[in-house]
Amino acid sequence: MPKDSGIGASSKRREDVRFLTGKGRYTADINLRGQVYVAFARSTVAHGRINSIDTSAAAEMPGVLAVFTGEDFVEMGSNPAGWYITSRNGETMKEPKRPVLAHGKVRHVGDAYAAVVAETVAQAKDAVEAIEADIEELDAVLDMASAVADNSNRVHDEIDDNICFDWGWIEDNRAAVDAAFESAPHVTTLELINNRLSPNPMEPRASLADYNTGTEDYTLYTTSQNPHLHRLLISAFVMGIPEHKLTVIAPDVGGGFGSKIYHYGEEAVVLAAARKLGRPVKWVCDRSEAFVSDAHGRDHVTKIELATDKEGNFLAMRTETLANLGAYLSNFSTATPTFLHGTLMAGPYKTPLVYVNVKGVFTNTVPVDAYRGAGRPEATYQIERVIDKCARELGIDQIEIRRKNFISPDAFPYTTPVGLVYDTGNYGATLDKMIELGDTAGFESRRAESSAKGKLRGIGYSTWIEACGIAPSHLVGQLGARVGLYDAATVRVNATGNISVLTGAHSHGQGHETVFAQVVSDMLGIPEASIEIVHGDTSKIPFGMGSYGSRSLAVCGTAIVKATDKIIAKCKKIAAHQMEASESDIVFENGNFTVAGTDKSKSFGDIALSAYVPHNYPLDELEPGLEESAFYDPANFTYPAGAYACEVEVDPGTGKVDVVAFTAADDFGNVINPMIVEGQVHGGVVQGIGQALFEVVVHNDEGQNLTGSYMDYAMPRSNDVPLLVVDHSCQTPCTHNPLGVKGCGEAGAIGTPPAVVNAVIDALQAGGYDIAHIDMPLTPSKVWAAMAGAQQAAE
Amino acid sequence: MPEIEMTVNGKPMSGTVEGRTLLSDFLRDMLGLTGTHIGCDTAQCGACTVHLDGRQVKSCNVFAMDAAGAEVTTIEGMANADGSLGAIQAAFQTHHGLQCGFCTPGMVMAAAGLLKENPAPTEAEIRAHLEGNICRCTGYHNIVKAIQAAAAELGAKPIAAE
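Line by line, the protein sequences give chains E and D.
What the first sequence shows, in this note's numbering, is residues 1 to 795, in sequence order.
What the second sequence shows, in this note's numbering, is residues 1 to 162, in sequence order.
What the hints contain is simulated information worked out from the structure, not anything from laboratory work.
Backbone N, C-alpha and C fix where the C-beta goes; we use that ideal spot for every residue, glycine too.
Careful: at least some of the hints might be erroneous.
With beta-carbon atoms standing in for the labels, derived distance ranges [claimed, not checked]:
id, chain 1, residue 1, chain 2, residue 2, range
1, D, Ala156, E, Pro780, 40 to 46 Å
2, D, Arg55, E, Asn212, 42 to 48 Å
3, D, Asp66, E, Asn719, 25 to 31 Å
Chain D residues, not near chain E, derived (Cβ > 10 Å throughout) [to be verified]:
id, residue
4, Thr7
5, Glu76
6, Gln99
7, Glu153
The following block holds chain E by itself, in its conformation from the complex (with noise of 0.2 Å):
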C-alpha cells in the first residue's frame, strides 16, 4: 500500500499551486518603486583590443542616468575560481583576473565592456547603440589544440600557452598504467569530442538591486541556485560590500541547470548602479544575451584508451583531454573537468590501474563550467563508448563485457584506483531491473519489424555511476577547493506547533518545498501542511551553500534531519519534567511522547508550546524556545548508479535517428518522492538525449556563435522523444546519510548520451555501415555523411 503522506509518498508538490495559477514571483517579476534598467554593451568580436570608448552620446540620450565601463571597476575583485588545481609539475594553476565588465581587452563575444542605466528598457537599450567603442579585432583562439600548441595568439597576454593547468590524475599511478598498456593483449582506442552546450533553464537570468541609501544596506533579488555563496563571492571576494550589508534572494528560479550557481558580473553592475543612484536597478536578459553570456557546458576534446585480455577483462584505461575553459574562469569551472571528471573514470568497474590526464585550456569563447552532471557526464561518456566499442573488436555482448567488469556487490566499501571510496552499490541489480523492464530479449523481433519499415533499429547500453553531494570539506579542501561543502538547516517550531524549517538548499524545480516537509512531517509525526519549508533569501535563512551536484537532499536534508533530531531530543526533556519520568524513558512515537509502560503521554503540540510558555518547564538546565539549528558535513559523497538501454530507428535515407524506447533502471538508495524522482529521471534523459541528437553550440572560425537563439540551437522539443520507462526499485542505502539517500538531478544526463550512441552504431553496423563512432550531436546531416563515407570506402 503506497504511503499517502510523509518518506516514501508521491506528495503532490505544494509549490505547483503557484506556479499553475500564474502567481509565481521569479525575478523578472519583481518590481520596486522607482526601478531603473541596465542594458550592456557586449563584444561583437570573439577577441580585441580596448583602444577606446567613447560614451559621451550616450549619456546624452533621453533617459539616460547614467553609463559604465570597466574602467568603473578596475579598483574591485576578481570574481573567483572556486577551485585551485595544481599541475603535473607541482605549479598552480593559471588564474587570470576576470573583471566585472571588460577592460583592456575583450575576450569572447558578448564580453560585456560597459553598461546603461535608463529610465526605460528601451532607452537603455538604444543608448546602448550610442555608446562608440574602438576595439581593434585580434585573431581568435578557438580551436584548443592549436591554441596549446602556438604560444603567439593569447587570450590572457600573461598566459604563453593558453593553458591554465595541466592535471595528472592520478600521477604516481602513470607508470604503471603505461606498463599494463605494454603487455596488454588489446588495447581499444577512441578519440571524441564532448560537445558544447548552452544549459538554457527556460528562465532566463535577472537581477534586480535595491541599495537603501539611509542604512547602506543592499539587496539582490537574482536568479541564483546558491544565494549565500553569491554573497559571499560578491562580498568577498568581487565588491567588498560587508557580508551583513548585502541580502542576496533567490525567488522562484525557473530552472539552473548549473547556470545559476555562478556569480556573473551583470549582477556586480547592477548593485553599483543601484549605490550610484541610489534608486532599484533591473536587468533581465535577453535569451539572445544569454547564449553569450551564460555559463555554457562541456566541450571536451578526449584520447580514451582501454587494455583488456582477450576476455575483455577490463587491465587498466588512459585518457588525454583538452578541456575548454572558455575565456575566464567561471566559478567552478577549474573543478569540472578535474575533480568532477577524474574522479570517476573507474565508473562502476573493477579496472584496476586508471590514469586521466585533462589540460585546461582558454580559448576566445564563453566560460565554460558545470552544466547537469559536470565532469560526470563527460567521464560516463568516454567509459561507454571505448566498452561499446572494445565489446564490438573482441565480440563479446555488450551486456556481458559490462557484468564481467562490474566491482562485486560483496566488494564494498570499494576503493578505486581515482581516489573514491564507493559505499554501497549492485550494478548487477540495476542491469538485471534495466533488461526486464527493456525487454532486451524481445529486441531481435523488434529490430525485424523496424527493417520491415525500411529503417535500421539499434539498442545501446550504459551503466554508470555518478558522485553527489562532493564532500567532505576537509579531503576537497587538501585537493584544492576554496570553500567547504556542509550545509545548514534550521528548524523552528512556533509556538503553536507548526514549523518552519531554514534550508541552505535552494529550489529551483526540484521540490524542496514539498520533499522536505515530507522528512520532517515523517521524524514528527505532525502533518507536511504544518511545516514551511524556506529557503533563497540570505536574511532568512543561517547560512547554506545551495543546490547542485544533486546535494540537496543528501546534505542540506541531513542538515535538517539533525536539526530535527535536536528538537526531538529537546522535546524529550521537557516532557520528561512534565511527566516526572526519566529523560531515558521517553518514547517519540507518532507525534507523542510517552513514558514507556506507562499511559502518561504529551503530544508535541503541547510539548511546543510549553516552550513558549513556560509555566512547568525546566529552566535552571534549559532554555525556553524550540528553535534549532545543524551543519552537516558528510564523510563521503554518495554513489548513486544504474542502467539504461536505448532504442532508436535510423532512416538510412536521411540519417534521421529517432529514439523508439528509453529503460532507465536507477539505483538512488531510498527514496523520499517517487514521484519527484521519476521527473528528475525524465528530464534528464531527455537532456541527454538532447546531448547526443540535438545540442551543439557552434562558433564560426571568427570565434561567432552561430547557434545564438533558440530559432539554431536545437533542443528537445515534445515530439523529439518517447515516453521513457524509468524505475528506481533497486536500492542500497546509502551508508553515511541518516535518509540513506543518494541523489537523482543529473543521472539522466549523464547515464543517457552514451546508450544513445551506442544505440545509434549498433543500428548502423547491423545495417552493414562500418563506422566505429560519430561525434555527438548525431544529426541527420552527420549520420547520413558517415553512412555515405562508409557505403563508400566498402566500394
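Fit chain D to the known structure of chain E by using the hints.
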C-alpha cells in the same frame, strides 16, 4: 502614445502603449499579469502563450495595439470561479507535469488550446501540438500524461468553456 482597451480574463483593462509594445509586455508590465513568461526572443519557447479571441497565440508575437478590443485569456484566468485549480491545472499537479514552473503557464494555455479543438487527442497529437512550447525540466513525459488525464476528465463531464 495611444491608449488601448481589451478584456483580459473577463475584466475590462486599459493602458497606454507604444507602437512597438508587445502584448506579452503589456500583460506583464502594464497589467501586472506576470504569469505570462518571456523565455526567448524568437517566438520559439511558448512560455508567453495566451488565448486571443479564443485562439492560442504567442503573446510575444502580437503587438499590444493589435489586441485592442480583443478578449484575452492568460494563465491567471484558468482557475475555477472558486479559485480552485481548473481541470488542466489540476492534472498538471497530479501528474507532476511541471518542475521549475517557468514554461508551465504556456504549457497549460497550449493544452487548453489543444483540448478545445481536439477533446480526445492521441499521444502523437499532444506531442505535435506542443511542438512550439519548450520545457527543459520534465522531458515532456508527465506533461503528456497530464494532458491525457485532463482530456479524460473534461471529456467525462461536459463543460461550456475552457
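Quick rundown of the hints versus the structure:
1. D:Ala156 - E:Pro780: 40 to 46 Å: Holds, at about 42 Å.
2. D:Arg55 - E:Asn212: 42 to 48 Å: holds (46 Å)
3. D:Asp66 - E:Asn719: 25 to 31 Å: holds (30 Å)
4. Thr7: Since the minimum Cβ distance to chain E is about 17 Å, threonine 7 of chain D lies beyond 10 Å and the statement holds.
5. Glu76: Its Cβ does come within 10 Å of chain E, the nearest being 4 Å, so this is violated.
6. Gln99: violated (4 Å)
7. Glu153: holds (15 Å)
Hint compliance for this structure: hints 5 and 6 are not met, and every other hint is.
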